[in-house]
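> Spelled out, the chains give:
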Amino acid sequence: MSFYLAFKEVWRNRGRFFLFSLVIALITTLVLFIAALSEGLATANKQFLVKLGVQSLVFQKNVDLSANTSRIALSKRNDITRVEGVDSVGAIGLSNAAIVSPSGEKDLNVSLIGVESGRPGEPPVLSGRNLLTDRGSEVIVDQNVADQTGVKVGDRLRIKSIQGSKEEFYDLDIVGITDSRQYLFQPSIFIPYNTWDQVRPQAAAGSKLMETVSNIIAVKMKPESDATEVGKQIEDQVKDVEVTDIKTAYESAPGYQAQQSTLNTIRVFTLLIGILVIGGFFQIQMLQKIPLIGVMKAIGTSNSIVAAAVVLQIVLVTTFGVILGTIATLGLAAGISGNVPVIFDGNSVVIAILTLLSIGPIGGLVSVRLAISVEPLIALGLSA
Amino acid sequence: MNPIIETHAVSKVYQGNNVSIRAVDNASISIFPGEFVGLVGPSGSGKTTMLAMLAALLKPSEGEVIIDQVRLSKMSEKDRVRFRCEKIGFTFQSNNLIPYLTVLENVELMLRLNKRYDRSSRTQAEELLFRLGLQDRMNNMPNQISGGERQRVSIARSMIHNPSLILADEPTASLDTQRAFQVTQTYSELIHENGKAGIMVTHDLRMCKFVDKIIQIEDGKISSILNNRDEIEALIS
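For the record, the sequence lines run as chains A and B.
Just so you know, we're using my numbering here: the first sequence kicks off at 696 and counts up by one.
Just so you know, we're using my numbering here: the second sequence kicks off at 5 and counts up by one.
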């Protein structure tokens, strides 16, 4: 009975309800895009770290887990390896460089990542092979670099690095292509650790430290080990280091928390606006329907039927709006520029859609309450 | 024969701002099957309050209302809703029909609410609308038909589920005289044919031309009950 009443009213006033569904569709599009943007920006920040395949990262102590500030001497890597429960470790150097376009087009800025051959940090390749040594002029590029520059395995890549105040150029042979591994919003290229130490931007040309240092050390634990416990042991046994998990590490990246909390705030406010818009629409409609509901109750329609009809109506209109909005979002996403970092991650899209579907009934609760409170005596022009 | 409606010394008192208003005072009436009664009186005399108590919409402050052998005072709110749905057919002055249902669907609504909608229901509703001269209006929306037609649809809706009691609150108030007479006559005929008890609240005495009994209320009290045709005609004229 409730569905019959709800459906008939929506169908017979489909123009009005369609317009309202369009408003919900617009809210849906906005929420889904913000969710996708949030995911895209987060991925651009953390993708390399998430795909490392290790349990812990070691930073220099007292640098607030800032990879750029952190300096760890390579000798400490050996100390970490000796800690009970550690399976393998790999030094990772992080800096920036630019890939010089052979055709003279704009250079492509990349994260220049130094990794140790065969150790944690070196990415698995999709095509080609892994790095053979820690000194060669070899490079593994990620899929983004391959897509944006058109390079392939066997090609030679020229990178530009600032040494002192001079631009220095280095030629590297592409030996492998790995999947997308963005770090700090840039595509990544992976070179042997000692080569990285040579070509990374430095304050002065050839200004080398006495001992080779890395920014962070990736630690892979033995399967039976408790990462937290082993991390504490590393901090106890190796001087001036701080051990953290991957999530804490990327959340500590500069601007990451501010960016994500800004986007989440926008998303929450958009949902709140959605609740208010839906609530307002159904409340105004309900106020107009009070005499009618009075008549319906007077002739024997129960409160449960009236309330269920209102809820069903809200659910019908909201669901239609969310479906429309989702289709519109997918259409827009297909046509959006590749430079906009939007990623429609399954989980975040499902969560956003479920949230949007729930804001309808939440927004409509006030109108349901109003519908229940209508006295059938209104039909006779009386009041209780 | 048992009366369909019995009220025993029914009163309704409204309390407010240290003043109590006795809208209906000590009213006792009996209405039998096949009787069409006009409940008349000036504005504010208590006739609508009386109707609301008979319709199980309002609980009396004193006295007892018995409809079809059922004491309304013993009922819970939920039972009252069920009772209105099954036992009472209602027509109001305005806002009578559901605007998003067709004429036919409005009439069928009472069968759906009573969970008695089946294959024969459509035919039953169509026959009733045909009987009321609305055969060409069945698929129209309420806003596509005239005021008189809307009231006739409302009559059909109040009868379709075979209730014991038909109540009408000023059903002719928004109609011109000719249409008002048509509607009242239709009421009278259907109530007599089907052996129902019917009460029509009106302040227009001319509409009592087709009733069998007139109950006059003044200041909440029943001032007279006219059963005799001559007395009724005399009052109307």
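Careful: at least some of the hints might be erroneous.
[Said to hold, decoys possible] Heads up, incomplete: computed chain A residues facing chain B, CB under 10 Å, no partners named: (1) M696; (2) Q893; (3) L987; (4) A1074.
For the record, the hints were derived by calculation from the structure and aren't laboratory data.
We put the beta carbon where it would ideally sit given N, CA and C, even for glycine.
> All hints are to be evaluated individually against the structure, with a verdict given for each.
Results of checking the hints against the structure:
{"no.": "1", "hint": "M696", "verdict": "holds, 6 Å"}
{"no.": "2", "hint": "Q893", "verdict": "violated, 78 Å"}
{"no.": "3", "hint": "L987", "verdict": "holds, 6 Å"}
{"no.": "4", "hint": "A1074", "verdict": "holds, 5 Å"}
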